[in-house]
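Novice: Letter by letter, the chains look like this.
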Amino acid sequence: MAKMTEAKNRSVSKGKLTVAFIGNPNCGKTTLFNAYTGANLKVANWPGVTVEKVEGSMRFQGYDIKLVDLPGTYSLTSYTMEESVSRDFILSDDVDVVIDVVDASSLERNLYLTLQLLELGKPVVVALNMMDIVEKRGMEIDLHRLPEMLGAPVIPVSARKRKGLEVLIHAAVHHNEQRHPDPLIHEHREAESESRHRHDHHSEFAMVYSDDIEDKIDLIKERLKSRFPDMPNHRWASLKYLEGDNDIKKKYPIDIADIVPDSLEDKIINEKFDFIEEIVDECLVGREQKAAVTDKVDRYLTNKYLGIPVFLLIMAVVFFLTFTVGDFLSGYVEVFIDILNTSLSSLLVSAGAGEAVISLVCDGIVSGVGGIITFLPNIFMLFLALALLEDSGYMSRVAYVMDGIMGKLGLSGRAFIPMLLGFGCTVPALMASRALEDKRDRMRIMLVTPFMSCSARLPIYILFSELFFGDYAMIAAYSMYVIGIAVAIGTAWFIHVFTKAGSENSLLIELPEYKMPGARTVFIYVWEKVKDFLQKAGTTIFVASVFMWFILNFGPSGYSSDMGQSFGAVIGKYIVPLFVPIGLGFWQIVVALIAGISAKEVVVSSCAVLFGVSNINSAAGMSSMLTQLSDLGFGPLNALCLMVFSLLYVPCAATIITIKKESHSTAHAAKCVLFQLLTAWVMAFIVYNVGSLII
Amino acid sequence: MKLNEGISGCSYRVKKLSLPLRLTLRLEVLGMTGGTDVLVMNNKSHGTMIIKIRGTRFALGKGITENIEVEEVKS
Numbered sequence: 000m001a002k003m004t005e006a007k008n009r010s011v012s013k014g015k016l017t018v019a020f021i022g023n024p025n026c027g028k029t030t031l032f033n034a035y036t037g038a039n040l041k042v043a044n045w046p047g048v049t050v051e052k053v054e055g056s057m058r059f060q061g062y063d064i065k066l067v068d069l070p071g072t073y074s075l076t077s078y079t080m081e082e083s084v085s086r087d088f089i090l091s092d093d094v095d096v097v098i099d100v101v102d103a104s105s106l107e108r109n110l111y112l113t114l115q116l117l118e119l120g121k122p123v124v125v126a127l128n129m130m131d132i133v134e135k136r137g138m139e140i141d142l143h144r145l146p147e148m149l150g151a152p153v154i155p156v157s158a159r160k161r162k163g164l165e166v167l168i169h170a171a172v173h174h175n176e177q178r179h180p181d182p183l184i185h186e187h188r189e190a191e192s193e194s195r196h197r198h199d200h201h202s203e204f205a206m207v208y209s210d211d212i213e214d215k216i217d218l219i220k221e222r223l224k225s226r227f228p229d230m231p232n233h234r235w236a237s238l239k240y241l242e243g244d245n246d247i248k249k250k251y252p253i254d255i256a257d258i259v260p261d262s263l264e265d266k267i268i269n270e271k272f273d274f275i276e277e278i279v280d281e282c283l284v285g286r287e288q289k290a291a292v293t294d295k296v297d298r299y300l301t302n303k304y305l306g307i308p309v310f311l312l313i314m315a316v317v318f319f320l321t322f323t324v325g326d327f328l329s330g331y332v333e334v335f336i337d338i339l340n341t342s343l344s345s346l347l348v349s350a351g352a353g354e355a356v357i358s359l360v361c362d363g364i365v366s367g368v369g370g371i372i373t374f375l376p377n378i379f380m381l382f383l384a385l386a387l388l389e390d391s392g393y394m395s396r397v398a399y400v401m402d403g404i405m406g407k408l409g410l411s412g413r414a415f416i417p418m419l420l421g422f423g424c425t426v427p428a429l430m431a432s433r434a435l436e437d438k439r440d441r442m443r444i445m446l447v448t449p450f451m452s453c454s455a456r457l458p459i460y461i462l463f464s465e466l467f468f469g470d471y472a473m474i475a476a477y478s479m480y481v482i483g484i485a486v487a488i489g490t491a492w493f494i495h496v497f498t499k500a501g502s503e504n505s506l507l508i509e510l511p512e513y514k515m516p517g518a519r520t521v522f523i524y525v526w527e528k529v530k531d532f533l534q535k536a537g538t539t540i541f542v543a544s545v546f547m548w549f550i551l552n553f554g555p556s557g558y559s560s561d562m563g564q565s566f567g568a569v570i571g572k573y574i575v576p577l578f579v580p581i582g583l584g585f586w587q588i589v590v591a592l593i594a595g596i597s598a599k600e601v602v603v604s605s606c607a608v609l610f611g612v613s614n615i616n617s618a619a620g621m622s623s624m625l626t627q628l629s630d631l632g633f634g635p636l637n638a639l640c641l642m643v644f645s646l647l648y649v650p651c652a653a654t655i656i657t658i659k660k661e662s663h664s665t666a667h668a669a670k671c672v673l674f675q676l677l678t679a680w681v682m683a684f685i686v687y688n689v690g691s692l693i694i
Numbered sequence: 000m001k002l003n004e005g006i007s008g009c010s011y012r013v014k015k016l017s018l019p020l021r022l023t024l025r026l027e028v029l030g031m032t033g034g035t036d037v038l039v040m041n042n043k044s045h046g047t048m049i050i051k052i053r054g055t056r057f058a059l060g061k062g063i064t065e066n067i068e069v070e071e072v073k074s
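Protein sequence lines, in the order shown, are assigned to chains A and B. So that you can map any letter, position 83 of the first sequence is 82 in numbering that gives the first Met the number 0, and since no number is skipped, the others follow by simple counting. So that you can map any letter, position 25 of the second sequence is 24 in numbering that gives the first Met the number 0, and since no number is skipped, the others follow by simple counting.
None of these hints come from the bench; they were simulated from the model. Take these hints with a grain of salt, some might be off.
Claimed, not checked - List of simulated lysine-lysine pairs, DSBU-like, C-alpha gap at most 30 Å: (1) K295/A to K121/A; (2) K15/B to K438/A; (3) K51/B to K135/A; (4) K51/B to K407/A.
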């Protein structure tokens, strides 16, 4: 394909073409879109991944094609924001051709959207995805009859195996050129002729309703035509009138009370599904076989009694892999950082660099940034495990499994998905809360999601638990995750009980078939996260490390190697009284925690700079750090308080910005920040005081 | 009977949805229209269920399942 496209790229542009991709959630739309554009969009096997439209571009047969990926949707009503955004966009003049991505393995449900799209009147090309699953189940689709019944080209593709891509885009271009398709060959099984006048729709439209509805459509159409002759699609608008669509009523007001007193939406949906049943009967051969594997696996994973224990076990395995395999790989990165530091330092010495420059490079940049890079393997493992969970289809099962517990908090099980994603990174987790319909639910989830321990907090746990808890390091680190979940759930419960907040929204989520996670999808997911992490190391953490080095090596009296006289110490000592009651009365720790608001990893990189440890995650680095901390009187209980405080206080600057953006409220973001700081302080206070009594 | 009384492994035919209009329509566009057969895959004691409609699995909360009137389909 690359060669062909290249050849065509040289030709003169025939014009511009905008192709919109739309389809049900989980139909493989984003994978298909990525296959064309090479864009690394996130794909997940749960609904609501594409939360806003994303654009890409390509050139084909002399056309400059703009590709637009629209949010996954089951229908095109104007009830939800996503659906009306998609609908308005398709109806606008911006879109030339619509590619409707259909999951062939659940044709019956997917075709509903297809019929709605066809009614919009824009050229539609159906991309029949996941044909391999259909074949695996011993079914076949009649590829002659299906396009005939729909009146639109149907192209079998495999987004994952990148098959049929060229034909699909060819069909889209061709279909745009031929705007008036051939008459349809289609008739209803039980044609009724009760109508007062003759219908000739059978040669024009795929979806023909009962005579009763068709009569009404004709009457409204006439009325709309005389009042708004220039509107684009009179039949579609008439249908929307019958459905009682408020958007259309407002835009093109006419009185139809004499034609139809009530909304006929219910009947229209029913008739569409009747027609879909006809299509499936005629086009799908051998649909008796069941997806046995998913049913079998679900028997255990969603079992009444086993569901929650299995979920906890899976999460335990995820974190076990993160800590053990991650640590094993970290060893190699440490060696590399050590070599880098030694050679850089000798290089700078031989170049005759001054003491301050050597200190900045080695103690500031390499200690800070390099120290954080050594945690990359742990973070890689965590995201790999999360990617496998997401792509396999397990994520939406968690919503079902957790529905009971979430119900007690006045939330549906679906609200648990953003919380679970919070284990990876808080920012996308906050965005995922958009899938919740109720605004108050969304606000509540946005308040508690930051308590779920994200990957950026991992370095803090790994470092301090290994420093102070020896053989129990993994338990100490794992307990942070449990505390995070407990605080999040406790907070949500508290708000539920005291404000009686809690929507009537019951759980409603599609459970996709289990599938082997796709290598490409998992790779894109993990690579995006690793790239983000490296970028953060190169930007935020780099700047923070340099900044830390400056405020720790410069004081009111200029450059000084005594940190106790530095600006950092002055600031830290000023605030330190606030931290004494929670076991963190050390100015160095206070400075590290403040710096950590930029990004949580900065707490660790700052410690590296503060204590002058060049390779903080290595055995030598740790022992040097342990000696220095012990000299200050910082023991295991203080370490635990630090971990709890780090777990619960503001995750990072990006989170604050995201909360503000998602809630459209600076006040809400400020409230969240304040609440997190307060919660962190109170929890650390409890841990410190209870711990002091025990020890 | 109501859908939440359904036993896992059995099929039921939808008779009536007594839910707020928006929710009814949302379920209908997913294929849960009157006369559709619903296969119960899983039912937790309080009515949170996994069902299969028109070849797709959905998890539904109790608030939904206890408001769907169904009749048993004799196989």
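Novice: Now, for every hint given, state plainly whether the structure supports it.
Specialist: Against the structure, the hints come out as follows:
About 42 Å separates the Cα atoms of K295/A and K121/A, which puts this hinted pair outside 30 Å; it is violated. Among the hinted pairs, K15/B with K438/A is consistent with the structure: their alpha-carbon atoms are about 29 Å apart, no more than 30 Å. Under the criterion of a C-alpha separation no larger than 30 Å, the hint pairing K51/B with K135/A is consistent with the structure, at around 20 Å. For the given pair, K51/B sits about 26 Å from K407/A by alpha-carbon distance, which is consistent with the 30 Å threshold.
When held up to the earlier numbered hints, the structure conflicts with hint 1 and nothing else.
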